[in-house]
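**Q** Residue strings, one per chain:
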Amino acid sequence: MALRRTRRRIIYVMGKRTRSTIVVLVMVLAPLLVSTALGQVQTRLRIIEASNVGSSIDPALRDVHDQLGSLFNFTSYKLLRDESLALAPNRPSEINAHKEISLEITLTKQQKNKAEYQIRILRERSEILDTKVRLSPGRTVLIGGPKHGQGSIILAISARF
Amino acid sequence: MKDSCSSISRLLEKHFDRETTVDEGILVQDHLRQCTPCQAQLKSMEELRTTLRTPVDETVQKETFAWVWQKIEREIQDRAKPSWQESIRAWFGLSFPFRRRVWIPAVAVALLIIAITSPLLFKETPSHTELSIVEYVESHTNNVMVFESEKENVAVIWLFEGPEGESST
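Heads up: the sequence lines are chains S and F, in that order. Take 1 as the starting number for the first sequence in the working numbering and just add one per residue. Take 1001 as the starting number for the second sequence in the working numbering and just add one per residue.
None of these hints come from the bench; they were simulated from the model. We treat Cβ as the ideally placed atom computed from N, Cα and C, and that holds for glycine. Be aware that a few hints might be false.
Result set (DSBU-like, lysine-lysine): computed pairs, CA atoms no more than 30 Å apart in a straight line [said to hold, decoys possible]: (1) K114/S to K78/S; (2) K147/S to K132/S; (3) K1081/F to K112/S; (4) K1043/F to K132/S; (5) K147/S to K112/S; (6) K132/S to K109/S; (7) K1014/F to K1043/F; (8) K112/S to K99/S; (9) K112/S to K132/S; (10) K1151/F to K78/S; (11) K147/S to K1062/F; (12) K147/S to K78/S; (13) K1071/F to K1081/F; (14) K109/S to K1151/F; (15) K1014/F to K114/S; (16) K1043/F to K1062/F; (17) K78/S to K132/S; (18) K99/S to K78/S.
A few chain F positions that, by computed beta-carbon distances, are all more than 12 Å from chain S [said to hold, decoys possible]: (19) F1016; (20) H1031; (21) A1110; (22) L1112; (23) S1149; (24) V1154.
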């Protein structure tokens, strides 16, 4: 009885806002902690449509806007998909980027602050690009070129450690 | 023998052994010129020395001292060989307190140098291939361009899918 009373009191003292913050934190951190324990690497994949039609920049791409602007001559960038993948070593993961374009991403090596990936870009199931990249915190690889409408598809891949 | 002879006789022995000072030597020489008994005494001293010296010199000349050298060599060989620590100690010729005074700061300085230089020596300098993001890239169907920007910390792999694609980058 005494224990139940104490628990009730703690919950009451914490308040609704604190409780919801803790719940959100647990929900955000849990997948990261679980994936780390399983030797997985959280990999962010963003599929961007770049074109010279209009001059709109997707607000979701604000963090990479400067990078994109300094590297490419496109005027418009639209985020098509934002995926967070928990990749386990040597387990290929296939993602359909857009219509006939898909990519197969495999975590080949994982070290302390380094992750190596093999990325295969496929068009109608046949390989058009095969690459191996090494990502560390703060590094991004942009794979672009496949045609999409009046523009091109750019894949932005980064790893979270 | 004159009265002065008694005072000179003490100096005469010193003079015979060549132990007199310059003034004493002059005094003895002057006295000997005038005093026959003292001259005779000096002569008898010389004769006595010759009598004693001659057989000793003859014996020494005959002796080769080979047995003495053999004995010395045997002694050297019989002496136990010193340990390497003793050899080093003997080589440096330092006494214990002096050794401590020299070696403690020397070892401390050596350790300090090792502590300072070892992080620099064993620091892993990433190679160019380790720094680059793209390890390899291959396409059998299209032309590919790789651009790595160290400033932006980003690498671009661009796949050219047509002639118009090349002008877009």
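**Q** Would you mind marking each hint as holding or not holding in the structure?
**A** Against the structure, the hints come out as follows:
With a CA separation close to 29 Å, the supplied pair K114/S and K78/S stays within the 30 Å bound. Restraint check: the Cα-Cα separation between K147/S and K132/S comes to about 22 Å, which is no more than 30 Å; the hinted pair holds. Distance restraint check for K1081/F and K112/S: the Cα-Cα separation of roughly 57 Å exceeds the 30 Å cut-off, and the hinted pair is therefore not satisfied. This hinted pair does not check out: K1043/F and K132/S have alpha carbons roughly 117 Å apart, beyond 30 Å.
Of the supplied pair hints, the one linking K147/S and K112/S is violated, its CA atoms being roughly 36 Å apart against a limit of 30 Å. Annotation: proposed proximity of K132/S to K109/S holds, straight-line Cα distance about 11 Å (limit 30 Å). Of the pairs offered as hints, the one joining K1014/F and K1043/F holds, with about 14 Å between alpha carbons and a cut-off of 30 Å not exceeded. Distance restraint check for K112/S and K99/S: the Cα-Cα separation of roughly 36 Å exceeds the 30 Å cut-off, and the hinted pair is therefore not satisfied.
Between K112/S and K132/S, the direct Cα distance comes to roughly 18 Å. Compliance with the 30 Å bound is thereby established for this hinted pair. At roughly 24 Å between alpha-carbon atoms, K1151/F and K78/S fall within 30 Å of each other, so this suggested pair holds. A C-alpha spacing of about 119 Å is found between K147/S and K1062/F, which places the hinted pair above 30 Å, so the restraint is violated. Straight-line distance between C-alpha atoms of K147/S and K78/S comes to about 14 Å, which keeps the hinted pair within the 30 Å bound.
For the proposed pair K1071/F and K1081/F, the alpha carbon gap of about 18 Å is at most 30 Å, so the pair holds. Between K109/S and K1151/F the CA atoms are separated by roughly 25 Å; this keeps the pair inside 30 Å, and the hint holds. For a cut-off of 30 Å, the pair hint linking K1014/F to K114/S is broken: about 100 Å separates their Cα positions. A C-alpha spacing of about 29 Å is found between K1043/F and K1062/F, which places the hinted pair at or below 30 Å, so the restraint holds.
For the hint pairing K78/S with K132/S, the CA-to-CA distance comes to about 26 Å; that is within 30 Å, so the pair holds. At most 30 Å may separate the alpha-carbon atoms for a hinted pair to count; K99/S and K78/S meet this at roughly 16 Å. Under the 12 Å C-beta cut-off, the non-interface status given to F1016/F relative to chain S holds; the minimum distance is some 99 Å. Against chain S, the non-interface label of H1031/F holds: every CB pair exceeds 12 Å, the least being about 108 Å.
The claim that A1110/F lies off the interface holds: its Cβ sits roughly 33 Å from the closest Cβ of chain S, which is beyond the 12 Å cut-off. The non-interface label for L1112/F is consistent with chain S: the shortest C-beta to C-beta separation is roughly 31 Å, beyond 12 Å. Not every CB of chain S lies more than 12 Å from the CB of S1149/F, the least distance being 7 Å, so the non-interface label is violated. With a least CB separation of 5 Å from chain S, V1154/F falls inside the 12 Å interface cut-off, contrary to its annotation.
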